[in-house]
Structures are given as structure tokens and as C-alpha cells.
Amino acid sequence: MYFPYLHGKQKEVLALRHLAAVLGTDGVVQPILEPVRQAATSLRHTLEACEAHKQQIWLVVNPTRQDFEPLKPAQSLEWGHRLYTSLPQRQWIHPVLSLGPALTPELVRRFAHVFGTRPVGIVVGHDAPPLHDVMALLGGVQVQRVFFRDAEPAPKARASAGTAGCVWVEDRRLPDAADLRQRDRHPFTDRHLHYRAEGFVGFSDYTTLPSRPDMPDAPPRSECFRMSYIHHDAQRGDSIWTEHFTGYRVSDERGGSRFDQALQCFRESLDRGDASFGPTESVRRYLSSLITATPPSRALSKQWEVMHHLELVSGLLSGRFAGHFPARVPEDLLGRTAQPPAGLSIKAGESPR
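Residue 326 in my numbering sits at position 113 of the sequence shown; the count goes up by one each step and never skips.
Heads up, a few of these hints could be off.
What follows is a list of derived Cβ distance ranges for each label pair [to be verified]: (1) GLY352 - LYS285: 19 to 27 Å; (2) GLN448 - HIS266: 31 to 39 Å; (3) HIS266 - PRO318: 36 to 44 Å; (4) GLN304 - GLY352: 21 to 29 Å; (5) THR298 - ALA506: 41 to 49 Å; (6) SER470 - ARG295: 40 to 48 Å; (7) ASP340 - HIS266: 34 to 42 Å; (8) LEU300 - GLN355: 15 to 23 Å; (9) VAL414 - GLY486: 29 to 37 Å; (10) ALA349 - ARG485: 51 to 59 Å; (11) GLU365 - GLN288: 29 to 37 Å; (12) THR376 - ALA506: 53 to 61 Å; (13) THR507 - HIS399: 27 to 35 Å; (14) GLY486 - PRO509: 26 to 34 Å.
Computed cross-link-like contacts, DSBU-like style, restricted to lysine-lysine with a CA-CA straight-line distance of at most 35 Å [unchecked claim]: (15) LYS515 - LYS285; (16) LYS369 - LYS285; (17) LYS285 - LYS267; (18) LYS515 - LYS267.
FYI, nobody ran anything at the bench for these hints, they're computed from the structure.
Ideal Cβ placement from N, Cα and C applies to all residues, glycine included.
Using the sequences plus the hints, can you model the full thing?
Spelled out as C-alpha cells, the structure:
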């Protein structure tokens, strides 16, 4: 089971909404969602879509980032309570308590009183109070998942979780923009091969963005977009890698926009025999933008990156993408009425790759 940690940015909220049907059907991806905006209309629509498609979401109801930093902990929890109860149905939306330095016994008791009839989750950070004390305050509340953020949980902490399933939210650092010229592909994770043997009920990370308010996106000129892919290794098993697709330097003067050049590189990468990009819905959208010569905005491209990563991991775990090496893109994904841009010739009956 994959528990990607998302921080409720607009691109992530929209990505989840568009993928709710696919992820709900696969049933192997359960995002942890920590809101960062008090304006909750878009988030509410996404939660309703996830509920409609039986897509499980672990919703942090006492967020602390960005819009919630000035709020007192009790105010933040009441905001989460109002959001949660505003949902017409919430069978598949699980409330989560985030443990931080401002957490008080009164706040834990309030959480237990408000959400104690539902299976709940707990997020444990490096500055959290002792988990044993929090579990004691929660009493008979059914804690179903404990998410240990960043640092690998010590055996004592895992023991304090009791019967709750434990998940380690790993902090995977992506290469700096300055390193991309020398290293445009790098391993992201192979945790899906090992987490069960280590006693966890799933694996987790901040996705390939990464999804962190304190980690700004790379400057627009340092890269065009990045996509995760399944790297096939018959001996070690299939792992997830990330590839950065960039255009040529401006001084090279090779023609075309930098994003168009990056898209051409992405198209060519689909033929590699040891890599599978799905194909996902985002693959279709990127290739359609190549054919129609209408590149997406930077914000939309970032949304597609999140969509692609979540769907790719979901397809890997559910077996939908197993053995697709290379994953050539079917012709019907590209839109038959679209015209290819100059320099890209597609013959009749030939599938663009």
C-alpha cells in the first residue's frame, strides 16, 4: 500500500480529483492530505469525489502549515472539524491528528471526543510528544494508522503504536537543479519491495515533486518537467525512478521552445526497453500537447506530474503496468484529429512513440 504525503496545494488537490476513479478502483494508493489553505472549496470538491469513488484519504484535521501557522492549535482543529462535518458522506475519509510541539492534552481529548467513533490516524514528527502518552490520552479510540514522518521510527515508538499499522514517511531528496546537466535520471524508491519484510503496512514519501511547503519548486529555466517511471531489473525487481526532461540551452539555438524540446525527449524515452511510463493519463496529455503544439502552463504541468506519479505507482502495485517494457503509447491516447507540429512526421497506421 502506498501512502503519498500531500500538502493540499492546488495542483495536488486537482490531481487527486481527476484520479479519484482510477485510484479508487485500484485500491492500493491512500494519500495523506495535510491542507495548507483555509479556503476549502476546492479541497471539499476533491474529498467528495474521492468519497464517491471509494478512494481512501487520510485527512489531517489540525493542519499547521502556511495559512494555519498564525492559528492557535484549537482553532486549527475546529477548522478541520467543520471541513470534515461539511462533507455529505465520509465513509472513506479518515481523520488524522498531527502531533507537534504545540499539542496539548486538552487538544488530544478534543480530537478523541469529536472523531472517536471513527478509525483515525496519527502523524508523528520529530518534535512530537511521546507517542505512548498520546495513545493513553486517546483511550479507546481506534487508531488504525500511525505515520512516522521523515526519521525512521525507533523500535520503542513502533511498539507504542500498539495494534495500529505503522508507515514510515520517507524524506527523499531530489537532485539540485545545478546537478541536472550531469544526472537527469535517478532512483526514487524501491520500498514497495521491502516494507512488508520490515513490519510496515505500507510505504510513503512526499512524491516526486516533492510535496512540501518548505521546499520551493525549481526555477522555471532549470528544468521543464520531471516524470517518474518504472525501471525494470530482472534481478532486483522493478523500482521507481525519476527523469528530468529539459530543453537545450538557449545558446545552442537548435530551434523550438525549450518545453517542445523537452517533450521530444520525453517521447523518445518511451521506447527504452528497461523503462515504463505506464502509459498514464498524464502521458496522453503531454503527448497530445506535443502534437497540438499547445504546451501546458507551468502550474498545469506540475499537476500532471503529480497525477502521473500517483497513477504510475498505483498501476505498478495493482499490476496494471506489470511487464510493459517498453510501454509504447497506443494511438487512441493521442487524439486522432490532432495535427503533429513541424518536424514530427507520423505515417498512417503508425503509433507515435
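Point to revise | Status of the given 53 to 61 Å range, CB of ALA506 versus CB of THR376 | key: holds, 56 Å
Check your understanding: Between SER470 and ARG295, does the C-beta distance stay in 40 to 48 Å?
Key -> holds, 45 Å
Review point. Within 51 to 59 Å or not, the Cβ separation of ALA349 and ARG485?
Key: holds, 53 Å
Exercise for review: Starting from the hint 27 to 35 Å, judge whether the C-beta atoms of THR507 and HIS399 obey it.
Suggested key: Between THR507 and HIS399, where Cβ atoms are some 30 Å apart, the hint holds.
**Study point:** C-beta pair GLN304, GLY352: status relative to the range 21 to 29 Å that was hinted
**Key:** Hint holds: Cβ distance 23 Å, inside 21 to 29 Å.
Exercise for review: State, for the Cβ atoms of HIS266 and PRO318, whether the hinted interval 36 to 44 Å holds or is violated.
Suggested key: With a Cβ separation near 38 Å, HIS266 and PRO318 satisfy 36 to 44 Å, so the hint holds.
Point to revise | Beta-carbon spacing of LEU300 to GLN355 - inside the hinted bounds 15 to 23 Å or not | key: holds, 20 Å
Check your understanding: Taken at face value, is the distance from the CA of LYS267 to the CA of LYS515 at most 35 Å?
Key -> holds, 25 Å
Review point. In this structure, is the beta-carbon distance linking THR298 and ALA506 contained in 41 to 49 Å?
Key: The hinted range 41 to 49 Å holds for THR298 and ALA506, with Cβ atoms some 47 Å apart.
Check your understanding: At the C-beta level, are VAL414 and GLY486 separated by a distance inside 29 to 37 Å?
Key -> Because 34 Å falls inside the window, the suggested range holds.
**Study point:** Satisfaction of the hinted span 29 to 37 Å by the C-beta atoms belonging to GLU365 and GLN288
**Key:** holds, 33 Å
Check your understanding: So the hint says 31 to 39 Å: do the beta-carbon atoms of GLN448 and HIS266 match that?
Key -> holds, 37 Å
Taken one by one, the earlier hints all hold for this structure without exception.
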